[in-house]
Amino acid sequence: MVHAEAFSRPLSRNEVVGLIFRLTIFGAVTYFTIKWMVDAIDPTRKQKVEAQKQAEKLMKQIGVKNVKLTEYEMSIAAHLVDPLSMHVTWSDIAGLDDVITDLKDTVILPIKKKYLFENSRLLQPPKGVLLYGPPGCGKTLIAKATAKEAGCRFINLQPSTLTDKWYGESQKLAAAVFSLAIKLQPSIIFIDEIDSFLRNRSSTDHEATAMMKAQFMSLWDGLDTDYNCQVIVMGATNRPQDLDSAIMRRMPTRFHINQPALKQREAILKLILKNENVSSSWLHGCPQCSPGPAQGVVCEVMCQGTVLRTWESFVALGVAAIEALHGLLCEQEPWLV
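Residue numbering for the sequence shown follows full-length UniProt numbering, beginning at 1 and increasing consecutively.
Bear in mind the hints are in silico, worked out from the structure with no lab data behind them.
Warning: the hint list may mix true and false statements.
Just the calculated beta-carbon pair ranges, DEER-fashion [stated by the list, open to error]: (1) P252 - E50: 32 to 40 Å; (2) D97 - V49: 20 to 28 Å; (3) G63 - R13: 24 to 32 Å; (4) K270 - N156: 28 to 36 Å; (5) Q124 - T101: 14 to 22 Å; (6) L19 - S160: 49 to 57 Å; (7) Q158 - K270: 29 to 37 Å; (8) I25 - G151: 23 to 31 Å; (9) S160 - R239: 16 to 24 Å; (10) G63 - T24: 19 to 27 Å; (11) T70 - G27: 23 to 31 Å.
Here the structure is a predicted model, which is why all the values come from computation and not from measurement.
C-beta atoms are modelled at their ideal positions from N, C-alpha and C, and glycine is treated no differently.
The task is simple: from the sequences and hints, build the whole structure.
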């Protein structure tokens, strides 16, 4: 009877306070224990924290304020490009004047002067831009200059960012790419070597990869796409034939960055050697002697080889002269040595 009365009697104030205190302590310990276990199980937790810090730093640098981002958008925001950190401008690209002019007119001008074309659907900026051609011909340089000069947010998207071992996470990251770009619009999503990410689909593709590609294309240009949003996907590739046909359809604006011809090689050499002491006759004749339609990187390597050979001869001559002078001083004025 005593025990029954003890259970049935009301709790005193001190007992209620003690019970609440014990429950609070138990709940806090349980919460932090579970949180610690989840963080310990997830090996990418540290990378996510670092990515969030990097994203917050970049957002401040580019002047983005009062924009709330999700955890997935923060992971993508770490790949934003600060225009002030880019040191490539249009003047640093030689031999591609026609391509640069077309890019400015069809892509950058409709973004900067939106009010001039708001009533025309045909003159809106394209949803996709493809730079294709042989390696070393200036595709990445054009992308860098675009990031510097376009006047919009530039996301340098790495395909590896969208891969995650947890099921469904890749689709969430793909969705975050476009949700972030829409929040920061006008914006450009740049994918270098896009053929490695959005190549031809086949029945042998992994389920997660196929779903990620489908999600990416649906958000890029699908049923829910807002045609008034200013989000452009720009890709660069050496192998356009490997791209999926649905991707090619979404990139109507294409620029072929071909190997430079004679006049273009001369312009490239002038740009590379603008701070070097080179005779005009050599500069005029060198492009004609280069083997075939040399690429920009080949022209630079050729100039470096010439300069290095000259420098080696100069250094060898200088060392020999110093050694001869040292020997002469040892013979005639040993007290100076």
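Could you tell me which of the numbered hints above are not met by this structure, giving the numbers in increasing order?
-> 2, 3, 8 and 10
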